[in-house]
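With positions in the sequence shown counted from 1, the corresponding number in my numbering is that position plus 9.
Some hints here could point you the wrong way.
Quick list of the computed label-pair ranges, beta carbon to beta carbon [claimed, not checked]:
1) Arg12 to Val100: 16 to 22 Å
2) Ile34 to Ile121: 18 to 24 Å
3) Lys140 to Met29: 26 to 32 Å
4) Thr70 to Pro114: 37 to 43 Å
5) Val26 to Val108: 18 to 24 Å
Note that these hints are calculated values from the structure, not bench results. We put the beta carbon where it would ideally sit given N, CA and C, even for glycine.
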Amino acid sequence: MLRKVIAFITGILIAMVVIMGAESIKDRLYPLPTHADPANYQVQSQYISELPVSALMIILTGWVLGSLFCGLSIGVISRSSERTPSYIAGVFLTATAIVNLFLYPHPMWFIILGVAVFIPFTLLGHILAPKPRSSKKLVTEQHYS
Numbered sequence: 010m011l012r013k014v015i016a017f018i019t020g021i022l023i024a025m026v027v028i029m030g031a032e033s034i035k036d037r038l039y040p041l042p043t044h045a046d047p048a049n050y051q052v053q054s055q056y057i058s059e060l061p062v063s064a065l066m067i068i069l070t071g072w073v074l075g076s077l078f079c080g081l082s083i084g085v086i087s088r089s090s091e092r093t094p095s096y097i098a099g100v101f102l103t104a105t106a107i108v109n110l111f112l113y114p115h116p117m118w119f120i121i122l123g124v125a126v127f128i129p130f131t132l133l134g135h136i137l138a139p140k141p142r143s144s145k146k147l148v149t150e151q152h153y154s
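With the hints as constraints, model all of the structure from the sequences given.
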């Protein structure tokens, strides 16, 4: 049980790092105007509404990769095929995205895709995680001539 909790926390942290990396790339390519106050709600709302599709795709890619690596790390660390921790992580990431999406206006296509990516990609990451090897020794067939 403790291994699953540690796996969950690590997975969420990895997802956050990947997502923040994508946000950082987006901010470097599409910075706020130099005179703009990033703490101002109106400034942020206008900035997001004027972002090109490519900037939103960078964010969406970060969400997909963050979810995928989250599930992958949960699968590796938990050493379990049970997907519940990955599912819970996907729900958690979806909930945080929903909060973000409702704080500032986003295009409808981005809201729909954004909410839809976390759970499937977190579960996919878990499925792609290497399975633990069995401690039982395999008996190989002997070929007789």
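These are the hints, each one checked on the structure:
no.	hint	verdict
1	Arg12 to Val100: 16 to 22 Å	20 Å, holds
2	Ile34 to Ile121: 18 to 24 Å	23 Å, holds
3	Lys140 to Met29: 26 to 32 Å	30 Å, holds
4	Thr70 to Pro114: 37 to 43 Å	21 Å, violated
5	Val26 to Val108: 18 to 24 Å	19 Å, holds
The earlier numbered hint that this structure contradicts is number 4, and it is the only one.
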